[in-house]
Structures are given as C-alpha cells and as structure tokens.
Amino acid sequence: MRLDRGNNLAVRGLANLYRAESPEKASAWIAGLPPAQRRSIDDIERSLTNDRLEKQAQALESQGNWAQAAEVQRRRLALDPDSVWITYRLARDLVSAGERQEADALMRTMVNRQPQDAERVYASGLYLSGNDQDDLALAQIAALPRSAWTDNIRELEARLQSDRVLRQANQLRDSGDEAQAIALIKRQPRLGAL
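Residues 170 to 363 (my numbering) make up the sequence shown, in order.
Treat the hints as calculated values from the structure; they're not laboratory data. Among the clues, some could well be false.
Quick list of in silico lysine to any residue cross-link-like pairs, SDA-like style, CA-CA up to 20 Å [unchecked claim]:
1. K355 / R342
2. K194 / I213
3. K224 / A266
4. K355 / R328
5. K224 / R188
6. K355 / D343
7. K224 / S252
8. K355 / R333
9. K194 / L217
10. K224 / Y187
11. K194 / Q225
12. K355 / L341
13. K224 / A189
14. K224 / R243
15. K224 / E240
16. K194 / N219
17. K224 / S209
Simulated restraints on C-beta separations [claimed, not checked]:
18. R207 / S252: 44 to 52 Å
19. R215 / I351: 51 to 59 Å
20. N176 / G267: 46 to 54 Å
21. A312 / G267: 27 to 35 Å
22. P250 / P358: 36 to 44 Å
We put the beta carbon where it would ideally sit given N, CA and C, even for glycine.
Starting from the given sequences, assemble the full structure and let the hints guide the process.
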C-alpha cells in the first residue's frame, strides 16, 4: 500500500492498527516504510522493540539466566534511558547475576539524577529493601519532603518501620527480655493489634 508521503497521521494510524493485530506484523510493516515515514513513527517502533525485549528478558529471568536477562534490560534502557522501572529491573537482574556493586551504582545514579522525584525514590526504596538495606531505604524516603510522598511511598515506609520494630522485638526476645519485646510492639500503633 502506498501512502501519501506527507500523511504522517495515516502512517501512525496504520502502525497502531497493525500493532493491535500483531506486534510482529506491525514491525514488519514499519520495516518496509521509507525512512521519512519511519522517522515519523519512531516512538511506536521503539515501543514495539521495548515490548519484544521485555518479553525476552522475562523469559530469561524465568529460566534463571540473570546475566543474559541483564543484557536484554541494558538494551531496553538504551531505548529509554530515563526509565525508572527498566533501571530497577536491570538492577534486580544484576544482583541475581552476582553483580551487586554494579546494581547499587546503577540505582544510586538513577535516584541522584532527580533525588526529589517520588517515583525514583520509591523504586530505589524497593530495591534497597529487597537487598537488606532497609535503613538506607528509610533514610532515602526521609530525605523526600512528606508533601511529595505518594501512597506507595507511605506504604513502603510503614512496612519498613514495622519490620524494624519487629527486628528489635525479636532481638529483645532472643536475649531473654520477652516482656520488653512485647512492650515495644504494643507501643507501636500499627503493631499493637498483632
């Protein structure tokens, strides 16, 4: 089918129709377009590539091929360098592949680019708490003004605070001071009902 070279809306509409039918069909159709028309829908092409790579990464993750999954996540991140959640997934895959220092540096860089961005702080908090760094996660959350906290951040902060109190109570109990452990839990509004 020949399209009017100047009708980018028609090209975009057809690309989206093909995409709804089949991502493979859309990719094949886009590959056959002249360069100018391809450029007019490069966002759709990037999105199709990202979706394909995401499926690849998920398949590799489910097989435990963490290093390969991390490489696929790197390719996704190259398509969308500011994506908080691709960065998070790459960091998780790196940790699973034994590359903890690289993962930590990646997440630090991501959050330091915009330390007052709630989504970045939340993703970093999840990452840190998932890697036994609850105190760092809490410190990072505390550095964000409360007015910027989202429901997700509030829930994460509450969970981390509760976990901290439970760890302290367990330490007291394990050292033989069960009464003090119970008193500590009862003083916590969220834990007193346990």
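Each hint, compared with the structure:
no.: 1; hint: K355 / R342; in the structure: 14 Å, holds
no.: 2; hint: K194 / I213; in the structure: 13 Å, holds
no.: 3; hint: K224 / A266; in the structure: 19 Å, holds
no.: 4; hint: K355 / R328; in the structure: 16 Å, holds
no.: 5; hint: K224 / R188; in the structure: 16 Å, holds
no.: 6; hint: K355 / D343; in the structure: 18 Å, holds
no.: 7; hint: K224 / S252; in the structure: 17 Å, holds
no.: 8; hint: K355 / R333; in the structure: 14 Å, holds
no.: 9; hint: K194 / L217; in the structure: 11 Å, holds
no.: 10; hint: K224 / Y187; in the structure: 19 Å, holds
no.: 11; hint: K194 / Q225; in the structure: 18 Å, holds
no.: 12; hint: K355 / L341; in the structure: 14 Å, holds
no.: 13; hint: K224 / A189; in the structure: 17 Å, holds
no.: 14; hint: K224 / R243; in the structure: 14 Å, holds
no.: 15; hint: K224 / E240; in the structure: 13 Å, holds
no.: 16; hint: K194 / N219; in the structure: 15 Å, holds
no.: 17; hint: K224 / S209; in the structure: 25 Å, violated
no.: 18; hint: R207 / S252: 44 to 52 Å; in the structure: 22 Å, violated
no.: 19; hint: R215 / I351: 51 to 59 Å; in the structure: 56 Å, holds
no.: 20; hint: N176 / G267: 46 to 54 Å; in the structure: 51 Å, holds
no.: 21; hint: A312 / G267: 27 to 35 Å; in the structure: 30 Å, holds
no.: 22; hint: P250 / P358: 36 to 44 Å; in the structure: 42 Å, holds
Hint violations for this structure: numbers 17, 18, all remaining hints satisfied.
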